[in-house]
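Colleague: These are the residues of each chain, in order.
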Amino acid sequence: MNNFEKQRTLLIIFISVALIYIARLFYLQVVDESYVFYAQNNVLQEQTIYPARGLIYDRNGELLVYNDAIYDLSCIPDQIKNLDTLEFCRVLNMNKEEFISTFARLKRQKGYSPWKPIVFQRQITIPTYAAFQEKLFDFQGFFVEVRTDRKYKHKNAAHVMGYIGEVTDRDIEKSNGYYRMGDFIGISGVERIYEKELGGIKGTRYVLVDSKNRSQGRYKNGEFDTAAIAGKNIHLSIDQKLQALGEELMQNKMGSIVAIEPKTGEVLALVSTPTYDPNLLVGRERGNKYMELLKDKDKPLFNRPISAPYPPGSIFKIIMSLMGQQEKVLTPATSYGCHHGYLFVGCHAHGSPLALRGAIAVSCNAYFCQVYRSIINNPRYKHVEDAYNEFYKHAYSFGMGHALGIDLYGEGPGVLKKATYFDKIYGRHRWQALTTISMGIGQGELGITPLQMANATAAVANRGYYITPHIVKKINNHANPNPAFNTKHWTTIDTSYFPVVIDGMQDVIEHGTAYVARIPGIEICGKTGTAQNPHGKDHSIFFAFAPKTNPKIAIAVVVENSGFGATWAAPIASLMMEQYLTGKHDTRKALLERMLKGNLTHRNDSTATKTK
Amino acid sequence: MTVQQPKPSRIDWITLMLYYILVIAGLFCIYASVYKDIHPNIWDTSENYGKQLIWIGISSFVGLMILLIDEKFFYAFAYPIYGITIVMLLAVLVVGTTVNGSSSWIEIGGMRIQPAEFAKFGTALALAKFLSGYNVNYEKDRKVQIISAAILILPMLIILLQNETGSTLVFTAFILVLFREGLPGWILLVGFMLGVLAILALLIKPLYIIIGLSVLAVLFLLLVRRTTQLIWLTIGTVMVAGLMVSSIDYVFANVMQAHQRTRINVLLGKEVDIKGAGYNVQQSKIAIGSGGLWGKGFLQGTQNKFRFVPEQSTDFIFCTIGEEYGFAGSVLFVILYIYLLFRLLVMAERQRQKFNRIYGYSVVCILFFHFVINVGMTLGLMPVIGIPLPFISYGGSALLSFTILLFIFIRLDANRVNELRGAYD
Ligand SMILES: [Zn+2]
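Residue numbers (the numbering used here), protein chains in the order written: chain A, 1 to 612; chain B, 1 to 425.
What the hints contain is simulated information worked out from the structure, not anything from laboratory work. No experiment lies behind these values; they were computed from the predicted model shown. There could be a bad hint or two in this list.
To be verified - Taking CB as the label site, the calculated pair distances span:
no., chain 1, residue 1, chain 2, residue 2, range
1, A, R108, B, M65, 37 to 47 Å
2, B, I11, A, T85, 50 to 60 Å
3, B, Y339, A, E87, 48 to 58 Å
4, B, D141, A, F4, 19 to 29 Å
5, B, F61, A, N95, 27 to 37 Å
6, B, M65, A, E33, 44 to 54 Å
7, B, R350, A, R108, 55 to 65 Å
8, A, R108, B, F298, 27 to 37 Å
9, B, E139, A, Q109, 36 to 46 Å
10, B, M65, A, P114, 54 to 64 Å
11, A, K174, B, V62, 43 to 53 Å
12, A, D84, B, M65, 29 to 39 Å
13, B, L160, A, G410, 38 to 48 Å
14, B, E139, A, G203, 56 to 66 Å
C-beta atoms are modelled at their ideal positions from N, C-alpha and C, and glycine is treated no differently.
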């Protein structure tokens, strides 16, 4: 190619481009008439279609959460023309200063653009909406967007459901611009974890409005519109009746109830008291009410069952019985004597000596201190750390010392120390069973959340495995797809070691420490516990499952500052199990009455003041 | 040696006139695109058109200065000017100001300038000087080819770091300059084919492309006189192309993130993203389309009055032309622009000094690239790449740099007769 040809090649390229562009211009400006129409005093308006948020049902299909329409007044600042400010303020019931300051605020907002829609006032009332709709033609550039907010049918399960609120700048950034200022997003509970499923996908509608704010129809027959995709409905595993009873029984008490279906890991009830009415965190007052709840000294927003660790107390003896057998330092026939305790750990009066089953039934402290000692000082291991690591491994396999992975926000890990923790305090190899003996009776460096307690109970009920506890049973009528909620987590204990321990747990109910929890006709296995509380009266703990064969429910109850497990926790658990298994809870009227009337809210205060 | 002032008769007055027609047309468009009843005064310096007027004054002054400088200055100082623009580009990375998500601005005494704009003529000068050196042969010498590439790639990399994809792409216009200087045509063709193949890979399943290529290869071999070498070459080409197509497809599907995929799909028209860049294009098409045959007339455009087309006075300035002056005005504008490019091409080819010619070609190619992308974007024919329309778009930094770019060439051209005499001295 010579230079002349090269020059001509470039020239041909230039001219071809010019011809292509002229052809395109001819098509757009002369052939295709639609653009003239679109531009004829018309303005293209982008309207967001908010999808309905998914509904929430309980396990039996009872509706718990639904949607309620709210109206937002939006505007496109650059399209506001000839506004009669006085009239506008009158309709909206605001004064001129507010009007001016609102505009100033909008302009400072992140991502403000005069030709993009922006919410002028949120959640206007229905009368205002009606008045505004009449005057809409006078208020060029303004329009009303319909969105939905949540409504709760019952005042229960606030901590499970969580709540929704407006997105933060961070949410907007993380969503790659999907969320817009003022959009709702799940902030806690199921609403947060299942935001993707519940939230649906926003749609967009492009409409043309003329200079009088009258709709002139769709842009290009809706070719660019996207339909909103409604959020998916969710079925919780919660049993609303059971949940409501639990909250009623726990009224005027502080504490938690967690009930799990052992076979599936489905959470049947998750009670945290003091609680609050979820309808408080709805609507225009959401922010204020939230601040009130946040400042409340009883901390109603605190989700105790999944985040508060308690020393398990005597219920830990069940786990120890299993560990001892697995480590071959304990057999069902192993007997220890008890003379009101072991060293400085006291015990109550009971027959002596006892074998394993009897020791569980009477909850003998001395017996389990011996078991703990034989596990930790096990001669099979060269160093105390190795023996302790086995102890740690077993406890861990029951779900202790780590978050289980429930589908709720804010789950705590509890407390389970590694051997290195004691090495740091006492020095390497310089400690042994007696140094940490209080752990033998579930005190000391141990803390488990009510959720972990219920989960461990489920593992015992299943004779050796648990399934990660979860709240959401079905999404859009399909089983929760999370594979963790369908996997058996086997404990490190052989199935053959469970029967004797379970027999012991049955004895606890039939003629042991928790006789009060007995329900005629149902074989219950359980264990009471009392968690020492350095700040006040001890916490009452009880865990149980029923029926003994083919268990349907595993439950853990913690009542703070209420003393022995048998006094409050066991009867409450018993009433709950009766409700779930028989559908009734009023066969034992006196017991029910006593639980409902019990008011423990001031106990801690009095102890606290005394301690001071 | 005396400084040789260009004789007025030797300045290419046609180019100068075209420059002023475009700049004044641009000013009117900017005035129309930000026009509001409240600020009708064109001298109002608080509005874009007032500012642009000041910049036109500054640019005219700088242009005059350039015409008065000795033309050897640009040859002698080509490398230092290139060096300064590179240093400015690097400075942006350290002290740059972010405007609209691109961190390519630098503030000097209250004025914001964009060094990437100035890097264009800096690079053009450096490339022209290097290739016009004694005994430098682009066509034959591999080393020369590599150094030329390096001169281009260095500013591109720095501008890319500033997140200015548009300005980076402008430098690909230099490929046409290299084509004039001896880059074989088949490389251009192969590059073009590879581009087409890459786009096809994103549009169609790789398997179909491979099948299609194989069929073409078989047909090709049936039609020509087959030699063993040719058969292997054809098979090799098909295999390499297939590999490339598959790997592009793999990277697209597995390595890229969802939002990057969306952006590419929008560019290719597989998805319509009316929310982001697509929204601008829709609005721009409405504005242009509504102009009709004769347009709505000066200041009569309704779309721009609502400020419906975003960035209307900068990247989407062509909308105003389309809406207010219609098909007639738009065609006139396109012809005017292409005529300027044609004029510059003729001027470049008549240079006797290699330096002048290469610089001239650089000017033509840079302006052409801007024109193709910018106008194509408003017509919905090109991806939305935010680069200005030279001489028309609002923006002092851009206007000044394009003025310098153009006037240096007018100055070089004005001396072409002297060169001839100089050569015989
Ligand atoms: Zn005892």
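Colleague: With reference to the structure, classify each hint as holding or not holding.
Modeller: For each hint, the structure was consulted:
1. R108(A) to M65(B): 37 to 47 Å: Holds - the Cβ-Cβ distance for R108(A) and M65(B), about 43 Å, lies within 37 to 47 Å.
2. I11(B) to T85(A): 50 to 60 Å: holds (58 Å)
3. Y339(B) to E87(A): 48 to 58 Å: Holds: the Cβ-Cβ distance is about 56 Å, inside 48 to 58 Å.
4. D141(B) to F4(A): 19 to 29 Å: holds (24 Å)
5. F61(B) to N95(A): 27 to 37 Å: violated (53 Å)
6. M65(B) to E33(A): 44 to 54 Å: Given a distance of about 51 Å, which is inside 44 to 54 Å, the answer is holds.
7. R350(B) to R108(A): 55 to 65 Å: holds (58 Å)
8. R108(A) to F298(B): 27 to 37 Å: Between R108(A) and F298(B), where Cβ atoms are some 36 Å apart, the hint holds.
9. E139(B) to Q109(A): 36 to 46 Å: violated (59 Å)
10. M65(B) to P114(A): 54 to 64 Å: For P114(A) against M65(B), whose Cβ atoms are near 40 Å apart, the range 54 to 64 Å is violated.
11. K174(A) to V62(B): 43 to 53 Å: holds (47 Å)
12. D84(A) to M65(B): 29 to 39 Å: violated (56 Å)
13. L160(B) to G410(A): 38 to 48 Å: 43 Å Cβ-Cβ, so the 38 to 48 Å window holds.
14. E139(B) to G203(A): 56 to 66 Å: With a Cβ separation near 59 Å, E139(B) and G203(A) satisfy 56 to 66 Å, so the hint holds.
Taken one by one, the earlier hints fail for this structure at numbers 5, 9, 10 and 12, listed in ascending order.
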